[in-house]
Structures are given as C-alpha cells and as structure tokens.
Amino acid sequence: MKNVATVNVDRGPIPWTERIYLGPIVRGLGVTLRHFLRNVFGKRDVATIEWPEVKRQYSERLRGRHILTTKDDGSLRCVACYMCETACPANCITIVAEEDPEAPVEWEKRPLLYEIDLLRCVFCGFCVDACPKEAIIMSRQHEMAFSERSEAVVGIEELRQKGPIEDEDLGYRPYF
Amino acid sequence: MVQYVPIVLFTLVAVSFPIVTLLIAKAVRAGSPHPVKGEPYECGVPATTTAFETRFSIRYYLIAVLFVVFDVETIFLFPWAVMFEKLALFGFIEMMVFLAILLVGYVYAWRRGALEWA
Amino acid sequence: MDQPLYQFLIIPAVKIVAILAVLLLVVAYLTFFERKVLAYLQVRLGPNRVGPKGWLQPIADAFKLLVKEDLIPSKAERFVFLLAPCLIIVPALLVWSVIPFTGETTVFGLLSEPIPAYLTDINIGILFVLGVSSVGVFGIILGGWASNSKFSLMGGLRSAAQMVSYEVPMGFAVVSVLLMAGSLSLVRIVEVQREAHMWFFLPGILALGIYFICGVAETNRNPFDLPEAESELVAGFHTEYSGMKFALFFLAEYANMLVIGSLVAVLFFGGWLRPFPNVEFLAFLDVIPPFFWFASKVGVVIFIYMWFRGTFPRYRFDQLMAVGWKWLLPLSLANVAVIALGILVKNHLLKG
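Residue numbers (this note's numbering), protein chains in the order written: chain U, 163 to 338; chain S, 135 to 252; chain Z, 58 to 409.
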C-alpha cells in the first residue's frame, strides 16, 4: 500500500473574507425570509397536512387492520389451518378450530374462536402471505384508538368483512 | 430624587408578582408526589452523586474576574461619555491613555490563555 | 392633579397596572407569535387549532402551566429553588419602569392635560437598565445550582458565563451612543435624536450591530442558546423546573427580549419619533400616534430575533466565548475611540 496514487485536495488557508462568514449568513437569512414572505403574504405553500380535514392517500399495499374475508354465502373462508398463527412473529393470533358437519371436505374445519390482539400485532403482513385460502387480508385503516387494552383483542365479529369486498378500503392482499 | 418613588412602588409590585402567582399556582395545581418523580434527570440512570459535589472548571472564575475588571472600565467610561462635549481634546487623549493601559492588560490576559475555551 | 396623593400614588399605580398588564399580555402572545413565525420560516403551519386560527394558544399554555404539578427534585435546596425564578423575573419586570413608550400624551384627548407615557424618567436611565438587568444572572446561577442535577449546574454556569461575557461589549456599545447623546436619561436620548435630525444608528451602525448581537447573547437566544438547547444540555438551568416556576423563567426570557428590543428602538432608532421628524413635508404622518412607531420598531427587532432563531445553527461554547471576548470586545473599544474622534473632529476642529 505504499505507492498508491494520491490527490492533494488541500485548498490552502481560508481567506479572512470567507472566515467571517458574512456572505453565507446573509444568504441563509434571505432563504428563510423568502419562505416567510411567501407563506404569509403570497401563495401559502406549506408542507403541513391539516388532519383531520385533509388526509393522506396511502398506497394499496398499506398493511392496516385485518379483514377476514367471506365466501358468497356469507361464511368465512378461513379453514382454521393455523398457518397464520404459526407465521405470526408477534404471537398475536389465537385460533380455536371446530368441525363443520354439513360442509364439503374442503371446508370441513372452521374457526370457533379467531382473535387478533391488535396491540401486539406489528402489522407485518406475514399472516396474509401465509394464508392458503386468501381468507385474511389487510385494509388501509390505520386509525385505531382504544380506551382499554381489552378493546384491542378483536374477534371474528369485528374482523369479518362487512358487505361486498369492493366497499372495503383494501390494502395489502394477494393478487390485486 | 422624587422620580424614584414610582420605582419603589414598581419594585413592591414586581416583587409581589411572582409570590402571588406562585401562591395561586400552589392552590390550583395537581399534586401527587412520588419518590420516582423526584429523581433528577440523568438520562435514565440513577444519579450516584449529587450535583453539589460536582467539580467544575476554574475557567468560570477567571471569566467572572475578567468581567469585573472590564465592567469597572465601562463604569469609568460612562461619565466621560456623558461629559464629552466639554472635555474636548484633552479629555479624549486622557481617556485613550486609560484605555491603552487597560488594553495592555487585555492583551496580557489573551496571550496568557485566560480567554481560551472558557 | 398636583396633590401629592395623585402625583405619588394614584397616577403611578395606574401606570404600573397598565404597564404590567400590557407587558404580560404581550409576552404571552409573543410565545404564540414566535411559534407561528418560526413555523412559516420553516415552511409549515404553527399552532392553528386552539381557538380561531390558534389565537387562544397562549391562554391554553398559561392555564396548563398553572395547573401542572410542581416537582422539586429530591435533595434540592428548597429555598433557593423557590427563590431563583423570583430573582430572574423581578429585574425583568423592574426595568420597564424607566423605558419611554411615547412622549407626552393625552390618551386620545381623554385627559385634560398631557402626562408622560413612561413611569418615570430618572437621570441615570440607561445605567439603571443595565444594572438591574444584570441581576437576572443571579437567578440563572442559583436556579442551576439548586436543582440537584449536573446538567442544570453546567447549564447554569455556562449561561451565566455567557451573559456576563457579553455584558462588556454591550456596555461599550452603549458608551458610544452616550458619546453622541450626552445624557444617560432615555427620554433625553430620544430628544437629542430629534434635535440632531439624525437617528443614532447612522453613525453608530457598528454599535448597533454589536449591541444587537450582545442582546441576542444576553437573552440566551439562538445562535447563542447552547445553555438551553435540548440536544446539548437538556434545557440547561431550567431542566428540573415545571409548572409556574418554569413559566416565570419563560416570561423573564421574553420580557428580556422585549427590553433589548425597546432599548434598540430608543437608543438607535429614535424611540417614538416618526421617520424624518423635523421634515415639514411628512407632517401629515403626525396623525399616527407615536406609540405606533415605537411598537413597530420593537416589533421589527423581535422579528429579527425570531428570524435568527429559524436560520442559524448554534455556536459551540468555546466559539461563543471567543466571539465575545476576542472579537466583540476589541471591536467595540475601537468603535468607542472612532466615534469619540469623529465627534471631536465635527465639533471642535471643523468649526474653526
């Protein structure tokens, strides 16, 4: 490593006219003054989004609150295969399976209890990736506020898809 | 001297202002003391020594002493500046001599390093 | 109106109440304006939710600080801890007794004879102001020491060292104004500016610069706000204060800012005089009350304070002290000598 070609970038001592720094001071003051005058007297061009009157538009890949999808007759697509519970890195899904007596063999299992603890969930989307039946997808709803911890553990009735699938604000899901 | 009476009055009002405000705040405020809340801030770790045992640099003392010297110089400049019209050239030269003597002291302090890093 | 009771008690009491009420209101809304001005400088909106367009924000802040819990750190010196905010707010308020807002006024014709619109005019006005505002340093040191926290102690010491270092060039800048004015009384300084047809910032432009920079350093504002910068010393000497005591520190800081602004207006920009006060051509401007000129000058200085805060990075402490002792002190001394020489030449050598 001795004969490496080097370039000398030393520009010498800084002249005193640069060291007192008055030029950049005035330019900096000019930039902020220009912003101030433009925002107060001219066209207001601020970076603030005035929530809740104006909300940001999120991508269709946003991982928000979960939705358990249903088939055309209203029953859940979930077959309680425990793939999502196993894949979840935060261990927030709790499933208890039961048997559906009069269903065909493809849908013989269904969930008796399906709970997600939304305070433990990290919204990673692994459950959506793991599900073989496209039974759990995520919406774009991210504003969830709870008054008590017990309100955050949501079951089938809160997670189930309400109404036609096009009406929901869909986010992270397979094949969209 | 009579012009100072309103200042005395104002002093009384100004001294009572924080006292009254703090008393009102004491009557109104929330109070739930807890020993954890009383600990001083030390970025999350418990403080092992009190602040009264902390050592601090001698440079602060030097700054205070230098301030006293230069402030006395400023005090001497005040009456000279007010009476400058009447003092004309003689007063100017005399004050420049005084400032030159103090300038020698200032340069000495600078060269000895009393003004470094403080 | 000339009975001693009126002259010594009633009229000063009314003036004191008026000054304090206006001052506290202005200081409270100054916090609001600082947040708005800083926000617009930084391409964002300031507080605009509390009340219409955010105008009730200072009331909400004051109420919050009033009812907030007051924590005293364990093993802190209780008496000194309580005394420090009082020591810093009393001088900040006391200085306002000598600052002239306008000349003689009849309050829009309400009074039968004009009364002066300042509390009192002592013949050592500017000396009183400088002396009393120096007492505020006590509050900072004691506040930093009494809270049992190393950050507060270092912050208090640094802040006090900074304030004390910048008092010296400030004194010299004031001396150069006094050379031109010939009196220490603030009202007389404004009168001299009217008689001389010239505001003192024209020959004293360097003194104005030095005085303003020292003023920014005195009030611990950016770019000299290392002692109270949050990433450096976690709010410095007022770390352990909460509730109303913290509110008193805050009030004192903004009141000091207003004092520096008023002194810049009075010493350098002619106080309450309108531009070109002796020119007959602009006499139609006399319909504007002189307080408006004073207020707008102070307002411009306060805007420059906030403009500086939104623009500059802050000085490191040793750079700060180097600027104060090695740059501003010799510069202000040279300024005094040059202005004295200029007055000498103008008055004595050019006449004959």
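These are computed hints drawn from the structure, not numbers from a lab.
Keep in mind that the hints are not guaranteed to be accurate.
A partial selection of chain S residues facing chain Z, derived with a Cβ cut-off under 8 Å [to be verified]:
(1) Phe144
(2) Thr145
(3) Arg163
(4) Phe204
(5) Glu219
Beta carbons are placed, not taken as given, at the ideal position from N, Cα and C, and that holds for glycine.
Structure-based check of each hint:
1. A hinted interface residue such as phenylalanine 144 of chain S counts as satisfied when its beta carbon comes closer than 8 Å to some beta carbon of chain Z; here the least separation is about 4 Å, so the hint holds.
2. Here the hint on threonine 145 of chain S is kept, as its CB sits about 6 Å from the closest CB of chain Z, short of 8 Å.
3. Using the Cβ-Cβ criterion of 8 Å, the hint placing arginine 163 of chain S at the interface with chain Z is satisfied: the shortest such distance is roughly 5 Å.
4. A least Cβ separation of about 4 Å between phenylalanine 204 of chain S and chain Z falls short of the 8 Å threshold, and the interface hint therefore holds.
5. Given hint, glutamate 219 of chain S at the interface with chain Z, holds; its Cβ is 6 Å from that chain's nearest Cβ, closer than 8 Å.
This entry satisfies every hint, going by the numbered hints stated previously.
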